[in-house]
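Asks: Here is what each chain is made of, one letter per residue.
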Amino acid sequence: MRLCREKWLSLAVVGILLGTLTFSPSALRAQKDPKTLHFPDLEFKAQKPGMTTVKKGVTFYFKEDHEQPVINASVIIKTGSLTEPADKVGLASLAMRMLKAGGTGTLTPDALEEKLDFLGSTIGSYAGPEYSEISLWTLGKNFDETWKVLLDILFNPAFDQGRFDTEKKKDLESIRRRFDYPTSLGLALFTELVYGRDFPEARRTTSATINAITLEDIKAFYEKNVRDREIIVALTGDFKQAQALDLLQKSFKGWKGNAPAKLDLRKAALAAKPGIYLVDKPDMSQAVIILGHLGLNNLDPDNVEVGIFNFILGTGSFNSRLMREVRSNRGLAYMTFGSIGLGRDKGLFSNVCMTKSQSVGEAIRLMMDISADMTRNFVTAEELEVAKKYEVNAFVHKFDSAQAVVSQAIYLKLDGHPDNYLDTYLPRIKKVDAARVLAIGKKAVRPEDMVILVVGKKAEVIDGLKALGLGEVSELPLPKE
Amino acid sequence: MNTRRFLFVTLTFIILTSLAVPPASAQGFSGKVKEFTLANGLRFFVYERPQVPTFAGMIMVKVGSVDERKGETGLAHFFEHMAFKGTSVLGTRDYAKEKPILEEMDRIGDELAAEYLKADRADQAKMKELRDKLKTLQEQTLTFAVKDELDRVYSENGGEFLNASTGNDSTQYFIMLPANRLELWFMIESERFKDLVFREFYSERDVIAEERRMSLDNTPDGLLRDEFMNIAYVLHPYRHTVVGYMEDIQSTTKAKAVNFFKTFYIPNNMVAAVVGDVRLEEVRRLAEKYFGDIPRGEDPPRPAEIEPEQRGERRVTTWFEAEPRFLMGYHMPGPADKDNLTLSLASMILSRGSSSRLTRDLVTNKKIAVSIGASASAARYPALFMIIGQPRHPNTALDLEKAVLEHLDRLKKELVTRPEIEKSINQAEAGLYRSMGFADNVFLAMRLLRNVIIFDDIDADWKRVEALKKITPEEIMAAAGKYFTETNRTVGILLRKERGGEK
Numbered sequence: 001m002r003l004c005r006e007k008w009l010s011l012a013v014v015g016i017l018l019g020t021l022t023f024s025p026s027a028l029r030a031q032k033d034p035k036t037l038h039f040p041d042l043e044f045k046a047q048k049p050g051m052t053t054v055k056k057g058v059t060f061y062f063k064e065d066h067e068q069p070v071i072n073a074s075v076i077i078k079t080g081s082l083t084e085p086a087d088k089v090g091l092a093s094l095a096m097r098m099l100k101a102g103g104t105g106t107l108t109p110d111a112l113e114e115k116l117d118f119l120g121s122t123i124g125s126y127a128g129p130e131y132s133e134i135s136l137w138t139l140g141k142n143f144d145e146t147w148k149v150l151l152d153i154l155f156n157p158a159f160d161q162g163r164f165d166t167e168k169k170k171d172l173e174s175i176r177r178r179f180d181y182p183t184s185l186g187l188a189l190f191t192e193l194v195y196g197r198d199f200p201e202a203r204r205t206t207s208a209t210i211n212a213i214t215l216e217d218i219k220a221f222y223e224k225n226v227r228d229r230e231i232i233v234a235l236t237g238d239f240k241q242a243q244a245l246d247l248l249q250k251s252f253k254g255w256k257g258n259a260p261a262k263l264d265l266r267k268a269a270l271a272a273k274p275g276i277y278l279v280d281k282p283d284m285s286q287a288v289i290i291l292g293h294l295g296l297n298n299l300d301p302d303n304v305e306v307g308i309f310n311f312i313l314g315t316g317s318f319n320s321r322l323m324r325e326v327r328s329n330r331g332l333a334y335m336t337f338g339s340i341g342l343g344r345d346k347g348l349f350s351n352v353c354m355t356k357s358q359s360v361g362e363a364i365r366l367m368m369d370i371s372a373d374m375t376r377n378f379v380t381a382e383e384l385e386v387a388k389k390y391e392v393n394a395f396v397h398k399f400d401s402a403q404a405v406v407s408q409a410i411y412l413k414l415d416g417h418p419d420n421y422l423d424t425y426l427p428r429i430k431k432v433d434a435a436r437v438l439a440i441g442k443k444a445v446r447p448e449d450m451v452i453l454v455v456g457k458k459a460e461v462i463d464g465l466k467a468l469g470l471g472e473v474s475e476l477p478l479p480k481e
Numbered sequence: 001m002n003t004r005r006f007l008f009v010t011l012t013f014i015i016l017t018s019l020a021v022p023p024a025s026a027q028g029f030s031g032k033v034k035e036f037t038l039a040n041g042l043r044f045f046v047y048e049r050p051q052v053p054t055f056a057g058m059i060m061v062k063v064g065s066v067d068e069r070k071g072e073t074g075l076a077h078f079f080e081h082m083a084f085k086g087t088s089v090l091g092t093r094d095y096a097k098e099k100p101i102l103e104e105m106d107r108i109g110d111e112l113a114a115e116y117l118k119a120d121r122a123d124q125a126k127m128k129e130l131r132d133k134l135k136t137l138q139e140q141t142l143t144f145a146v147k148d149e150l151d152r153v154y155s156e157n158g159g160e161f162l163n164a165s166t167g168n169d170s171t172q173y174f175i176m177l178p179a180n181r182l183e184l185w186f187m188i189e190s191e192r193f194k195d196l197v198f199r200e201f202y203s204e205r206d207v208i209a210e211e212r213r214m215s216l217d218n219t220p221d222g223l224l225r226d227e228f229m230n231i232a233y234v235l236h237p238y239r240h241t242v243v244g245y246m247e248d249i250q251s252t253t254k255a256k257a258v259n260f261f262k263t264f265y266i267p268n269n270m271v272a273a274v275v276g277d278v279r280l281e282e283v284r285r286l287a288e289k290y291f292g293d294i295p296r297g298e299d300p301p302r303p304a305e306i307e308p309e310q311r312g313e314r315r316v317t318t319w320f321e322a323e324p325r326f327l328m329g330y331h332m333p334g335p336a337d338k339d340n341l342t343l344s345l346a347s348m349i350l351s352r353g354s355s356s357r358l359t360r361d362l363v364t365n366k367k368i369a370v371s372i373g374a375s376a377s378a379a380r381y382p383a384l385f386m387i388i389g390q391p392r393h394p395n396t397a398l399d400l401e402k403a404v405l406e407h408l409d410r411l412k413k414e415l416v417t418r419p420e421i422e423k424s425i426n427q428a429e430a431g432l433y434r435s436m437g438f439a440d441n442v443f444l445a446m447r448l449l450r451n452v453i454i455f456d457d458i459d460a461d462w463k464r465v466e467a468l469k470k471i472t473p474e475e476i477m478a479a480a481g482k483y484f485t486e487t488n489r490t491v492g493i494l495l496r497k498e499r500g501g502e503k
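Sequences listed follow chains X and Z, in order. The first sequence runs 1 to 481 under our numbering. The second sequence runs 1 to 503 under our numbering.
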């Protein structure tokens, strides 16, 4: 096929020479060159879901979508792992899972599972750091029955002792398995180095914290943080808005909707001394490298514009510098990425790659240089253009399902973004210039603060690390849990 | 994170092993999907979904790791990486100047591969010299290169989810784009197969080696699975992983990749789907314009091996710094055989949902495991019925094995109940809708084309669920008795080194 094309090209050249053909080879090439195709930017207005207040403390977000006979529902509660006492880390997750796993006043745990499986419906309940969810997926025809189960879980959980034992044992086992993957080990340790072990976002469960949790704690968590607290109900799929509103009014008639308990959480500060940290994993032929420090706040004035910085640094896939240099130009890694993360107080600025033991030093040097350059020099006009065009033209994908439209609106609101966030998103993107990107780099990236974590085979990586000249290599013990 | 050309090996596992019944729309696709075939044999499937002004385009090629020959494992996947490297006008400033350097690199690459294949007699100094030469030449090509331009053009145009995946049975290329970029998709996708330039071949080999280290060699599940498959099959190419053996990756040559491409990347061996805010007539017009001139090829050769009947239990134990893992497999027939579906139903009764037999008994009640799953395969060739589990400390993998065997024995001795069958069918039907919600168009395209490649029927997943309704408890018992035998069994266990005594 390639031959075929070249033959046409030479025919064209011969043709011009002979004066029998009037088109030029460049015209022929142009036809095959996608850069010659130009399209107008897709004008797409941010979609918003319906939103209404059912009653005090019960807000309803919805979007009908009748293409498939299915319904998704979520009840979002403003509580999560950040509320846990330090000696009972894991409480929120266990409590939220127990809502479903523990059965209800009318359904034993076995009967509840049997019922959902028979309907082909699923209900999941989990805790995040700040928000927790009970969510449901069902065929439309089984919505009423599944919704009843969800309400039963929310209003009338039974916290079965046997299931509590099962869930705790699952947690203890997942602690044992947590570091089976070197990347999970790396991410946990990097987070701990940057924030400090006792920082709310960095804490992790241990067998001691799980063993300390009692069934009474679970019940108290429910009474204090879930029961009668403010909730947001989200519904998408094959339903009618008016009927749904009616159903919610009935469903939550007895729900008080009290404001959540206030949380007073610490501010983040870089905990570890900058420098290189190594965890020896003698069985590895490839090392995990994570380097960075603290990132920015969710509501930082650059919280949209940072997307352009991140695209160029390390989220723009093959258009990013990390991917281009570390993978594409040098073949040092299969996976590499990096970004300035946003968070409740501060997110993480992190750069990640996995490379064979022998190239650890080279990869770190490269990643450090890439970060440093973004604090010193303007990005190129071309880089900027690609990143901005991507943001503009890919904007539509943020809205490509009813669920995406609804959950995006809810979480933007919860994180404190203004109501016009999505309307101002593209105008803000379009205004970003190289000076703004550099200003973000200068503000958020601090080469002198870099915490560099390597998980790999010490015997093979140590020389490369020492040769970097970044001070001594601090060895961290492989944590038990 | 934007993921591109990531995670395909994982995706493969999901497709091959965990979707006993792939999800689909309960009315089937045929009412909604229009089909046309170009004169060269390339089939297009168009699913108009105008709700949001985006579309997903996917090309699926009926070539996977199963089509690779011994000594050339990983080629399907290697080629897939190559398909992102551009054409004679995309990814280069001056192809005429770049070309001779690429050819020089291939001469050195061939020499390097030949030396490497001498194994322990290979001249290491010579190999280093050749590698250095390749590196220098690679740097020279960068003078002419416009790096990753295919990605750039797609990104500028709002492309999302740009990726490809290689599996045992197929290779697929996909992206989501704004609806007004339909022609861009056609041009890039057709040119990457008509005018592909295999650039960066040798640096990409290093990338793929890192991919293997990341997904197989340095993870407990990848390592165990690799070793397990190597003994579960003795002959059939399902025995090797998609990414291929490290030794084959290191010794592959450009010529092998080009030959592979010419053999399998022909229009009569490809299917395409466009799902989203598009019109059939426009898709047809552009398909003719961009793909119509690719000549039909000869039907590609297919695997020449049939897996011999297994006549004794096979076991492998492997070691990694991780908690124990357990794998068990039984050879089972492919979709052409009625037992394929019967075993699929058995897998659902065993482990679909919290109230399934294995999950209820071993995870919730006895707490021997933290996770357990059974899956029946539905692939191009007969594959395995698999059980995958993680024992809960202090229970060992052997304890878990014993408990699983008791459940398989029960299937042989006791009829499953009607309500269990009914529940599984309800779950399977619901499952037909379950994959909707995230990147809908891409996943719809994937399901559609998989139905075509594996079953040659766009409604296959729906029909398979319908067919479940006719299976009787007696048939499940008979199938369990026939396939879940000791001599048909392979067991793989991963242990932590210092817990070797656990066995």
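For the record, the hints were derived by calculation from the structure and aren't laboratory data. Every value quoted in this text rests on a predicted model; they were computed, and no experiment measured them. Treat the hints loosely; a few may be bogus.
[Unchecked claim] Computed list of chain Z residues with no C-beta within reach of chain X, every gap over 12 angstroms:
#  : residue
1  : L117
2  : V146
3  : S155
4  : R192
5  : N230
6  : A304
7  : R352
8  : K469
9  : M477
10 : N488
[Unchecked claim] Here are the simulated DSS-like cross-link-like pairs (lysine-lysine), alpha carbons at most 27 angstroms apart as the crow flies:
#  : chain 1 : residue 1 : chain 2 : residue 2
11 : X       : K168      : Z       : K367
12 : X       : K55       : X       : K413
13 : Z       : K147      : X       : K115
All C-beta atoms, glycine included, are put in the ideal place defined by N, C-alpha and C.
Asks: Does each hint fit the structure? Answer for all of them.
Replies: Going down the list of hints, with the structure as the test:
1. L117: Holds: least Cβ distance 21 angstroms, greater than 12 angstroms.
2. V146: violated, 10 angstroms
3. S155: S155(Z) not clear of chain X: closest Cβ-Cβ about 4 angstroms, inside 12 angstroms.
4. R192: violated, 10 angstroms
5. N230: Its Cβ never comes within 12 angstroms of chain X, the nearest being 19 angstroms, so this holds.
6. A304: holds, 26 angstroms
7. R352: Given a closest Cβ separation of 8 angstroms, the condition is violated.
8. K469: It holds; K469(Z) is separated from chain X by about 14 angstroms at its closest Cβ, greater than 12 angstroms.
9. M477: holds, 22 angstroms
10. N488: The assertion about N488(Z) holds, with a minimum of 29 angstroms to chain X.
11. K168(X) <-> K367(Z): holds, 11 angstroms
12. K55(X) <-> K413(X): holds, 18 angstroms
13. K147(Z) <-> K115(X): This hinted pair is violated, its Cα atoms lying about 55 angstroms apart.
Violated hints for the displayed structure, listed by number in ascending order: 2, 3, 4, 7, 13.
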